[in-house]
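Asker: In case you want the letters, here they are:
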Amino acid sequence: MKPVLQVKDLSVTFRTEDGMLSAVDRVSLEVGDGEVLAVVGESGCGKSVTAMSLAGLLPRTATVDGSVTLDGTELIGADKRTLRSIRGREVAYIFQEPMTSLNPVFTVGHQISEVLRTHIGLDRQAAQARAIELLTLVGIPSADRRINDYPHQLSGGMRQRVMIAMAVACDPKVLIADEPTTALDVTIQAGILDVLRELRERLGTSIVLITHDLGVVADLADRVAVMYAGRVVETAEVHELFANPQHPYTAGLLGASPAAGRHAETHRLSEIPGLVPVLAEQPDACTFADRCPRATEVCTSSQPELTPGAHRVACWHPVRESVEV
Amino acid sequence: MESLALEVEDLIMHFGPVRAVDGVTLRIKQGSVVALVGESGSGKSTVGRCIVRLLEPTAGTIRLAGADVTHLSRRQLRRHRRDVSIVFQDPAGSLDPRFSVGDIVGEPLRLMRRKEIPAKVSEALRRVGLRPEVAHRAPHELSGGQRQRVSIARALISEPRLLVADEPTSALDVSVQASVLNLLADLQRDLGFACLFITHDLSAVEYLADEVAVMYLGQLVEQGPRARIFGAPSHPYTQALLSAAPVPDPAEQRARKPVLLGDDLPSAIDPPSGCRFHTRCPVAVDICRTVVPERRTIGEAGHQVACHLVNEDGTGPDVRLADGHNRHQGVAR
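Going down the list, the sequences are from chains D and W. Just so we're aligned: the first sequence equals residues 42 to 366 in this note's numbering. Just so we're aligned: the second sequence equals residues 49 to 381 in this note's numbering.
In isolation and in its complexed conformation, chain D is listed as follows (with noise of 0.2 Å):
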């Protein structure tokens, strides 16, 4: 499958008031066509870095190496013109809070309008009634009604669907949600998630869902990328990653979330000690391996890069289960 999105080798530094902080690693991905690519890990991993830095939405103080191509064209240093041409149009992005993303004093119709008209050139009147089937398609009742509705009329849920209504609504061929339903509770999450599904099998849109929840990787990806400190450190198929977790850190993370009918009278959870390092400069070795329990000399003094093939991974002592043949 030829990818759409392919990132290769970026690295992204800030500068800071406390000196250089590296966020992203030499991170290269993949995004087929209709295809839903999760980028998974915790708090500080870069996966947010990540996202932001595929259309130049980072801020002038991060450094930005590397290529990010979208059907071909390079992304990475491009001018203004060809950016604003792409954001919104070809690449879209739905934040996690949905009411921070909207303008409080337009309505909804206007603002999903202002978008067609400015990407597409639609006039008012076609831009209405675009509007209104967008937010049919996103699953809102009596969209004909609800596009006069102001941003602080509608649910987290309601907004969230417009906000995907919004990223949509130029067919962009890749969709970027970072933490979509994060903030959403779960019957509304299981809605938003629905839509995003229906999204990529009616639309095609690729997706990049950056998330720390493994339960909606779990629903939604077809692959999955796992980040830790700044790098990919596993990438596989998502049945496989979950079934057959390679990294330690991976296999921890997995092991840290209750599973169904398991109570703490009877099992434990899986504990990661320390902490995720805070790095001025990429070091030439594993960045996990103070934290990992299978970690040897090699680990310290030595970068592990990704394995090729499908399930790749960048561990020297990787986990091999009895699964594989």
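Treat the hints as calculated values from the structure; they're not laboratory data. These numbers were taken from a predicted model, which means no experiment stands behind them.
Derived contacts from chain W toward chain D, CB cut-off under 7 Å, selection only:
no.	residue
1	222
2	223
3	226
4	229
5	230
6	233
7	251
8	256
9	294
10	295
11	296
12	306
13	308
14	309
15	311
We put the CB at the ideal spot given by N, CA and C, even for glycine.
Could you slot chain W onto chain D? The hints should help.
Answerer: Same frame as chain D, but now just chain W:
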């Protein structure tokens, strides 16, 4: 009869027109963990705050180990505060940045003789897996997980009978969450305090709780033993809630069908008539819209449900099987 750590009787807490808590009755046995689950706005945190008496209830009674604390004055409360502690979601917000960790943890003991406090603080820190030297540090020097351990040490230093843990792991990463959940389980087993565990995280509930109480819009809709609630929930809302929480297993998760309830949570200012859940319930009938369902004990002991459609033996509709109601809020086809 087993002795009770906490008895909440018909608790009502209104904030002006907002009926945040509207008639909650709840008991916690000595040394047991009751999880109070529900979504944002269900009133679960307000119940917790009434119990530790950060709020004075509008009506109802709260008894701690038999003593009525519902309307105690601030002075009178001071004694009872030793019997009940609270841990909040955000340890950064609940630890005063101007004090050292040692001062924060020892604060509940300030009425004790000064000399004895440092030893108690060291002991409390050790119990939550922190080195005693941490006492000299400031909260901001610690990680989120460590700060939550400090909150727990502070909450337990007065050896309370009841700990109210309000979303203690929700702000933490998965791997840190695991260590805090393990810690709470260990401490609870070793020290034997009763615990009201307030959370929206159902997997944590199954791991930690003995009993589960489910709240919706200010009222309890179902409560019972953990195995019963997770294995065979009776209330349509409980069923929907459990079906909606995704499980971290792709094969299992994809075989499940979440019950979609629609996005519009009714307001606590003007809650729906009859059963408050009827506006989102996939199986609601006429009586649900007009008559408030009574709480009834059904099937096994301790299992209570407030739903017209559940039979005396605990059987009733299962919204997870009621096809056709599914995905009515999904994408238009």
